[in-house]
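*Asks:* Chains as they are written, first to last, in this note's numbering: chain A, 1 to 509; chain B, 1 to 509.
Careful, some of the hints might be misleading.
Note: identical chains are not told apart, hence a pair may lie in one copy or across any two.
Claimed, not checked - List time: in silico EDC-like cross-link candidates among lysine to aspartate or glutamate, alpha-carbon distance up to 20 angstroms:
id, residue 1, residue 2
1, 293, 62
2, 387, 376
3, 224, 254
4, 187, 327
5, 304, 154
6, 453, 159
7, 237, 142
8, 304, 428
9, 277, 361
10, 187, 52
11, 237, 144
What the hints contain is simulated information worked out from the structure, not anything from laboratory work.
As the structure is a prediction and not an experimental result, all values here were calculated from the model.
Number of protein chains: 2
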Amino acid sequence: MERFRQLSPSEFFYRNREIAGFSNPARAVYQTIRELVENALDAAETHGLLPEVRLNVELEADGKVRIRVEDEGVGISPLEMPNAFGRVLYGSKYVLRQSRGVFGLGVKMAVLYAQLTTGQPVKVRSSVRRASFVYEAEIAIDVERNLPIVKRLEVERNESRWHGTVVELVIRGDWSQARGRVEEYIKRTAMIAPYANIFAYGPQLLLEFNRSSTKLPPTPAVGKPHPRGVDVELLRKLIEEANKNSTLEEFLTENFDGVGPITARKFCEWAGFDANKKVRSLTIDEIETLAVKMQAFEGWRRPKPSTLSPLGEELLAKGVKEVLKPDFVTAVSRPPSSYAGHPFIVEVAVAYGGGIPLSEEPLLYRFANRIPLLYDEGVDVSMKVVKRIDWSVYKVKFPSQLAVVTHVCSTKVPFKGVGKEAVADVPELESEIEAGIRECSRRLRSYLSRMEKLMEARKWEITVSKYVDEVASSLSYVSGEDKELLRSKLLEFIKAKISERGVPYAKGR
Amino acid sequence: MERFRQLSPSEFFYRNREIAGFSNPARAVYQTIRELVENALDAAETHGLLPEVRLNVELEADGKVRIRVEDEGVGISPLEMPNAFGRVLYGSKYVLRQSRGVFGLGVKMAVLYAQLTTGQPVKVRSSVRRASFVYEAEIAIDVERNLPIVKRLEVERNESRWHGTVVELVIRGDWSQARGRVEEYIKRTAMIAPYANIFAYGPQLLLEFNRSSTKLPPTPAVGKPHPRGVDVELLRKLIEEANKNSTLEEFLTENFDGVGPITARKFCEWAGFDANKKVRSLTIDEIETLAVKMQAFEGWRRPKPSTLSPLGEELLAKGVKEVLKPDFVTAVSRPPSSYAGHPFIVEVAVAYGGGIPLSEEPLLYRFANRIPLLYDEGVDVSMKVVKRIDWSVYKVKFPSQLAVVTHVCSTKVPFKGVGKEAVADVPELESEIEAGIRECSRRLRSYLSRMEKLMEARKWEITVSKYVDEVASSLSYVSGEDKELLRSKLLEFIKAKISERGVPYAKGR
């Protein structure tokens with residue numbers, strides 16, 4: 001006979017930590033830093049505050065790495081602190097709204113990893129806004145029961161009215177292997193968050209990004225599910241929670257995104273349901289049919305993008321300019337779209353020349369909900385799109401200095417794994433990414449055409465100018481006109497010819 | 001202020017089902033079948049029974065797919081039935097022993113998926129060995145509380161003394177897209193389990209694999225953890241559970257694989273620990289040091305492979321022969337090895353010619369703990385190895401009919417995700433796979449050399465034989481000897497010449 005037992009979520013992820021990105025000592029350092037930095041950014045910008053993030057890495061004896069991240073975000077209340085750091089699958093981000101974190105796993109995985117490699121608890125210091133006290137705690141995880149163990153809790157007066165969170169972890173990890181990735185990660189984070197101050201210090205690590213803008217992207221709102229994205233389980237749960245006397249029409253308008261009474265009745269008619277039927281009287285078979293019909297109905301409004309927080313063309317271009325220092329950059333924020341009821345927005349930037357390194361292929365910078373994605377590029381949807389584009393159409397000849405930046409914002413980014421490194425090739429997403437890249441690339445082509453013409457004109461100017469003196473002398477000799485006058489006329493004539501060719505001197509924005 | 005809440009494991013995987021392979025309607029069909037078939041095989045062979053697996057797929061209205069898998073395995077007790085099918089992260093496979101399932105997720109994910117796409121519970125019918133009753137139940141999952149809901153339970157007399165399990169699920173899925181993958185999956189499963197009867201029936205699906213062997217691979221034993229694979233968390237837990245008066249020496253010998261008193265004392269001396277110290281008196285810092293030293297100590301014995309169940313060279317070659325029908329096949333079972341304290345064995349087969357389709361690259365068949373891996377080939381360690389091999393060294397010229405089969409057995413296969421599709425490139429594993437492929441390939445080269453010589457000899461024989469009649473006539477005319485006698489002498493002479501060249505006629509095993 002088999003012996004059965006229940007695993008707690010902590011134990012599951014403790015046993016299978018590689019699934020969440022903690023697969024080796026180098027990756028663990030990178031992943032820990034990433035989780036802490038992303039929480040720090042979310043703690044500020046999701047609440048309308050300009051992020052201030054400070055990362056410190058110190059090496060200790062026996063390959064131990066001390067990682068500290070400080071932010072000046074909204075802070076965390078002492079009541080939530082133990083669970084937020086010591087309980088897997090406990091979080092505040094299980095709502096329909098774009099944020100970096102979604103799995104309720106990240107920081108707890110880092111805490112678990114610290115615990116199993118050095119046995120040391122996480123140290124947290126935090127104060128919420130306008131609070132009179134600062135709380136500092138050391139928290140470990142009871143793996144078998146998935147409960148926090150508070151090892152120490154201290155309170156002090158918050159004289160300076162500071163708010164924010166400081167998290168400190170000691171893990172066993174490979175800093176020398178991780179350093180390059182961490183540096184790249186911080187750079188890319190700065191690229192996608194030009195409104196943040198981000199400072200990173202550690203052995204052979206010194207990065208200081210001061211914000212180039214004080215404009216925050218719009219704060220995302222918490223939304224309702226879209227009727228297209230419904231499933232039987234969600235529907236059953238919502239019906240269970242519905243008012244006893246709710247009709248189907250009322251149920252639909254109350255619970256779903258963008259459904260008014262007219263749309264609700266139109267849908268019911270199309271689907272063969274009585275709009276006045278009490279929703280609680282639906283059988284499981286009817287609920288199933290309802291779900292199928294809701295997924296199939298063409299008459300719903302598109303999901304509202306108010307739950308999303310795209311960066312915007314201006315900020316994206318600014319971020320790219322700041323970090324890559326290209327000669328040319330252009331950005332596109334595509335109109336909102338959706339897949340399976342999940343709203344999304346794709347943003348793309350294309351940059352060229354300047355500080356971008358020469359390469360045989362376009363350099364791809366991928367972002368999802370403002371998270372830089374560094375691993376598993378080969379299986380990402382953006383890579384798929386970049387690879388199938390014939391760049392010669394856009395006048396790019398390789399080796400070249402071309403960078404493509406893609407940013408997917410969604411309440412549900414279709415990540416391929418809990419490690420959040422690659423985005424799956426959902427068709428709707430793929431075509432938006434392609435449209436964005438092509439739009440930017442057409443602008444790049446215009447720029448490159450202008451540059452080409454400019455180069456030609458310069459060449460012609462140089463060639464022709466060589467003869468100006470001689471021609472002016474000859475003309476002066478023949479006509480008796482002043483040589484200098486003739487010379488300046490000739491130069492004017494050349495300039496006019498060049499501008500006739502419509503060659504501008506301005507650079508791309 | 002943020003609103004926090006706890007997700008149950010069910011809810012987590014319900015929200016993130018793509019992580020477990022349920023990413024689209026086609027993949028969901030494939031994944032469901034896979035989970036059920038793998039459980040069916042485990043239910044027999046892990047307990048020394050020859051597997052009998054029968055898959056039935058039926059299409060119903062509205063894109064619903066009814067999937068039924070029957071086995072004649074050990075069955076499941078009615079007491080465990082609700083939890084085994086209706087509770088995520090509940091299972092019997094959380095022990096140190098090779099088995100197909102490990103995550104305690106598979107079948108529950110399928111049940112969840114059925115529930116959210118059709119609202120229908122799983123139907124289970126089972127009887128354990130020598131039981132007087134058969135139990136049939138319908139089970140749903142209370143997602144928010146991660147608890148089973150038993151919708152119906154019936155009992156009947158087990159007149160025929162049947163034992164086994166029948167599982168039936170109705171999911172919404174795309175059969176026409178999934179069919180090809182399912183067929184390939186079943187074929188590969190038959191390849192790696194030549195001792196199983198596997199029958200699969202469905203729309204445009206008819207596969208019947210009768211076992212070609214009644215020899216089961218060795219049943220794996222449940223093992224202890226290896227000292228090298230220890231972490232602070234595990235150590236802390238084991239110490240907590242240890243006898244109050246246990247010394248460090250006793251603790252090490254009792255709890256770890258292959259540690260006797262001599263090794264334990266040798267380790268303690270090397271690590272600077274007192275072997276007679278009470279283990280419960282260790283501080284957390286000492287436990288941390290102990291863990292680090294245990295991971296680093298070179299003097300441990302290798303992990304015991306008794307927890308593993310490799311197929312063996314003979315069975316593997318048989319399975320490959322049965323399914324691919326090649327001209328040549330050879331298999332290698334490498335000696336046990338380990339990474340980070342986890343024992344593993346790599347098995348490799350190389351097959352050539354016959355029924356193998358012509359291709360520009362070697363066809364790779366990947367298996368892990370007898371699970372065929374069909375997706376994400378590009379990021380698998382076996383692919384990495386196959387790609388870097390220069391096949392011309394082994395006399396293979398592409399396009400060719402070459403198949404490479406790799407099988408990794410381990411108590412902990414380093415999968416890249418919960419979907420169990422790709423194996424990570426752990427160095428120890430990589431070098432074993434390479435050694436296995438090279439060993440097989442050298443045998444393939446000998447075979448191909450023999451074939452080459454054989455072809456040359458045949459050509460020579462044909463050319464020379466053309467002149468035998470004429471030469472015999474002429475010799476007979478000159479010498480007066482009997483023409484027929486001369487002819488047979490000449491033919492004998494040719495044969496002798498050929499065998500002088502050492503050309504055998506036998507095929508590879």
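*Asks:* The structure should be examined with respect to each hint, and the outcome stated for every one.
*Replies:* Now the hints, each set against the structure:
1. In the homo-oligomer, the alpha carbons of residue 293 and residue 62 lie at most 20 angstroms apart only across protomers (10 angstroms), although the nearest pairing inside one protomer, at 60 angstroms, exceeds that limit.
2. Both within a single protomer and between protomers do residue 387 and residue 376 lie at most 20 angstroms apart by alpha-carbon distance, with minima of 15 angstroms and 18 angstroms respectively.
3. In this assembly of identical chains, residue 224 and residue 254 lie within 20 angstroms of each other by CA distance solely inside one copy; the values are 9 angstroms within and 55 angstroms between copies.
4. Only within a single protomer do residue 187 and residue 327 lie at most 20 angstroms apart by alpha-carbon distance; the minimum there is 19 angstroms, versus 56 angstroms between protomers.
5. In the homo-oligomer, the alpha carbons of residue 304 and residue 154 never lie at most 20 angstroms apart, since the shortest distance is 44 angstroms inside one protomer and 48 angstroms across protomers.
6. For the identical chains of this complex, residue 453 and residue 159 are neighbours neither inside a copy (64 angstroms) nor across copies (91 angstroms), given an alpha-carbon limit of 20 angstroms.
7. Taking the closest pair of Cα atoms, residue 237 and residue 142 come within 20 angstroms of each other only across two copies (10 angstroms); inside a single copy the shortest separation is 31 angstroms, beyond that limit.
8. For the homomeric pair residue 304 and residue 428, the shortest alpha-carbon distance inside one copy (16 angstroms) is at most 20 angstroms, but the shortest distance between copies (51 angstroms) is not.
9. In the homo-oligomer, the alpha carbons of residue 277 and residue 361 never lie at most 20 angstroms apart, since the shortest distance is 59 angstroms inside one protomer and 61 angstroms across protomers.
10. Within a single copy, residue 187 and residue 52 get their C-alpha atoms as close as 15 angstroms, which meets the 20 angstroms cut-off; across copies the closest is 57 angstroms, which misses it.
11. Within a single copy, residue 237 and residue 144 get their C-alpha atoms only as close as 29 angstroms, which misses the 20 angstroms cut-off; across copies the closest is 9 angstroms, which meets it.
Checked against the numbered hints listed earlier, the structure breaks hints 5, 6, 9; every other hint is satisfied.
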